[in-house]
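Residue numbers (the numbering used here), protein chains in the order written: chain A, 587 to 745; chain B, 587 to 745; chain C, 587 to 745; chain D, 587 to 745; chain E, 587 to 745.
Hints listed in this document are in silico derivations from the structure and should not be mistaken for laboratory results. There's no promise every hint is true.
The list treats identical chains as one, so a pair stands whether inside a single copy or across any two.
Cross-link-like lysine-lysine pairs, in silico, DSSO-like; alpha carbons within 27 Å at most [to be verified]:
| # | residue 1 | residue 2 |
| --- | --- | --- |
| 1 | K727 | K698 |
| 2 | K626 | K727 |
| 3 | K710 | K727 |
| 4 | K695 | K616 |
| 5 | K605 | K698 |
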Amino acid sequence: MKTKIAIVDTMFARGDMGKVAIETMEKNAKENNWEIEIMKKTVPGIKDIPVALLNLLEQGCQAGIALGMPGAAKVDKTCAHEASLGIQEVQLMTRKTVLEVFVHEDEAKDDKDLAEIMHNRASKHALNLLWVIFKPEELEKRAGSGERQGRENTKSVGL
Amino acid sequence: MKTKIAIVDTMFARGDMGKVAIETMEKNAKENNWEIEIMKKTVPGIKDIPVALLNLLEQGCQAGIALGMPGAAKVDKTCAHEASLGIQEVQLMTRKTVLEVFVHEDEAKDDKDLAEIMHNRASKHALNLLWVIFKPEELEKRAGSGERQGRENTKSVGL
Amino acid sequence: MKTKIAIVDTMFARGDMGKVAIETMEKNAKENNWEIEIMKKTVPGIKDIPVALLNLLEQGCQAGIALGMPGAAKVDKTCAHEASLGIQEVQLMTRKTVLEVFVHEDEAKDDKDLAEIMHNRASKHALNLLWVIFKPEELEKRAGSGERQGRENTKSVGL
Amino acid sequence: MKTKIAIVDTMFARGDMGKVAIETMEKNAKENNWEIEIMKKTVPGIKDIPVALLNLLEQGCQAGIALGMPGAAKVDKTCAHEASLGIQEVQLMTRKTVLEVFVHEDEAKDDKDLAEIMHNRASKHALNLLWVIFKPEELEKRAGSGERQGRENTKSVGL
Amino acid sequence: MKTKIAIVDTMFARGDMGKVAIETMEKNAKENNWEIEIMKKTVPGIKDIPVALLNLLEQGCQAGIALGMPGAAKVDKTCAHEASLGIQEVQLMTRKTVLEVFVHEDEAKDDKDLAEIMHNRASKHALNLLWVIFKPEELEKRAGSGERQGRENTKSVGL
Chain A
587 MKTKIAIVDT MFARGDMGKV AIETMEKNAK ENNWEIEIMK KTVPGIKDIP
637 VALLNLLEQG CQAGIALGMP GAAKVDKTCA HEASLGIQEV QLMTRKTVLE
687 VFVHEDEAKD DKDLAEIMHN RASKHALNLL WVIFKPEELE KRAGSGERQG
737 RENTKSVGL
Chain B
587 MKTKIAIVDT MFARGDMGKV AIETMEKNAK ENNWEIEIMK KTVPGIKDIP
637 VALLNLLEQG CQAGIALGMP GAAKVDKTCA HEASLGIQEV QLMTRKTVLE
687 VFVHEDEAKD DKDLAEIMHN RASKHALNLL WVIFKPEELE KRAGSGERQG
737 RENTKSVGL
Chain C
587 MKTKIAIVDT MFARGDMGKV AIETMEKNAK ENNWEIEIMK KTVPGIKDIP
637 VALLNLLEQG CQAGIALGMP GAAKVDKTCA HEASLGIQEV QLMTRKTVLE
687 VFVHEDEAKD DKDLAEIMHN RASKHALNLL WVIFKPEELE KRAGSGERQG
737 RENTKSVGL
Chain D
587 MKTKIAIVDT MFARGDMGKV AIETMEKNAK ENNWEIEIMK KTVPGIKDIP
637 VALLNLLEQG CQAGIALGMP GAAKVDKTCA HEASLGIQEV QLMTRKTVLE
687 VFVHEDEAKD DKDLAEIMHN RASKHALNLL WVIFKPEELE KRAGSGERQG
737 RENTKSVGL
Chain E
587 MKTKIAIVDT MFARGDMGKV AIETMEKNAK ENNWEIEIMK KTVPGIKDIP
637 VALLNLLEQG CQAGIALGMP GAAKVDKTCA HEASLGIQEV QLMTRKTVLE
687 VFVHEDEAKD DKDLAEIMHN RASKHALNLL WVIFKPEELE KRAGSGERQG
737 RENTKSVGL
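In isolation and in its complexed conformation, chain A is listed as follows:
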């Protein structure tokens, strides 16, 4: 039986992160013989993500990804915070992992940079989610290593 994975993205975002996430997942799943089935839904904005995810997870998805792009204004930051709290709640209600892939519009210097961050973060987290489901030891061996999504990794400090 295939493992169902939920992806929810928005009309508001300025780039098709859903497409990137799906391509990354399908490529990696194929290489590793992981049988997956992606259930995707698009909502207007980030605050509409939590209930859409809850529905997909309760319809049998084993884990999910939330893709969104909060704007640069203060009110957008508040929206992102509210969406994130909703996503926390959804995870605790379902006991299932949802990786949140939010790219803040003001993280980027320009549109090219924005596109790169969106691509980098969506693809890395798509792979992370597969590891959460199929290969947790990939996460274990990177514990405390300074992994980043969206930019280059940073370095670890010896304890």
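Starting from the structure of chain A, add chains B, C, D and E where the hints point.
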């Protein structure tokens, strides 16, 4: 059987967004032969919206719209945040979508601008809610396209 | 049978808003032949309001009013936010409306102004709560009209 | 049968508020012939208070006090906010009152002042909690009177 | 039967706090003849901690530790706050203690300092968690004593 839709608005707001939302829904429902029945309730202010919505959704509405206008003061922003968290909770309790249509008083340059933003956002989200219920493929095909409600759309960046 | 209404106020507040709310409710209830019974409780500060309200609502009150006066310091604003989130939760747990009547100490120019705001807001919301319970059409017809509690109403903008 | 009261304090705080609270409660309980039994627990920091309180309240305590001292840094303020939200939740889960006695380190001019605020607030709220349980009319008659814990009372304004 | 303890850490953190926590626990457990079994999980970032902890606690762990390193940017602080609220919720759902060991990247002067804080805080809280489970009297006798994790202790003020 008609699909029931909940609309909750406030006395506090400085424009009748409920009327705009209803007109938009009825016009579009008629054009598409979608049978809808709108259940509307008015409450004093935005913090009174969540419980009113919960009641309407538990009385059979399939989805809802929250219409409000937070003021420009800091305390009003906090109120909006509290109302938004309540609306998140209502959606997770009922598993039903509620689109939040808040127009912040300080988004606008003047009263004319305020009226335009209120009209634009209320009508666009009224249509979005119909799509959520009856035609999700309209949302799917706009994924990551930079759609905005209240102002003009922005542009997408290639990933 | 009389309709029970919960009122919770605090020792911390610098004015007896509970007295104003009760007088307004009793006067209006009498004029309209609405049979009400008020159950009132006083707690130390605003953060003690939510659980007191929950108890009164679960003991049969149909709706409630929370009366409080947050101080001017930043920590007081945070307390008010926490109390408000608790009041949201209480409403969603009980499916009952609670109108929050908070007067922030720094809204006022001086003590006289503070007294006026407290009186105005407490009495207007006391009447609003009666409308929520007995006469929702009074709220309906004021939708989007710019009603304010504590100060004068503002004006509506045509959409 | 004795009424059980929960007290939770922290190792982080810079003063033994638990001792003050217990002494105040035992003295007042004796004078009024109120039979109480105090169940006390110490946790590392304020964010560890909510679950400890929940356990004590579910083990039969009728009400509780949370004693903590948030530091002056911004991250400490956030911790206090998170702890306070947890304490709100605990009260709504158990339907029992918990008075939160937090003394922020930056409320005080110096160590002597800090000690005085801690003593004043802990003892006043210890008495408040006894009133909540045994003598609510003491709270009722101080409604809107400007009572403060930690500093001198302020004055009420006529409405 | 061994007491199971949950540890969740992240790939994002720039130091292997999980290793420090485990070493501290195993050393102290051995010295005191406490039988423990550690169940450890690594997740991408701090917001992925709450649901992972919930799963481990529901699989039989009696208590847990959350190890994370929020970055210095404002968005990282918001993430930390959201993770902390999730951890609060997990504790209240399970009635079990989770000590949160977050080291903010901007607490440190440089990488060496960061490593020292991470080591100090992880080891001290690892011991605290053992005390919570096996020897609460160690916590009791340090009530209000100004204990710190990450830096040196501060001093207590006489009340």
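Evaluation of the provided hints:
In this assembly of identical chains, K727 and K698 lie within 27 Å of each other by CA distance solely across copies; the values are 23 Å between and 33 Å within a copy. Proximity of K626 to K727 under the C-alpha cut-off of 27 Å is restricted to the inter-copy arrangement: shortest distance 12 Å between copies versus 30 Å within a copy. Taking the closest pair of Cα atoms, K710 and K727 come within 27 Å of each other both inside a single copy (16 Å) and across two copies (24 Å). Taking CA atoms no more than 27 Å apart as the test, K695 paired with K616 passes in neither setting, with 35 Å inside one copy and 46 Å between copies.
Taking CA atoms no more than 27 Å apart as the test, K605 paired with K698 passes inside one copy only; the shortest distance there is 18 Å, against 40 Å between copies.
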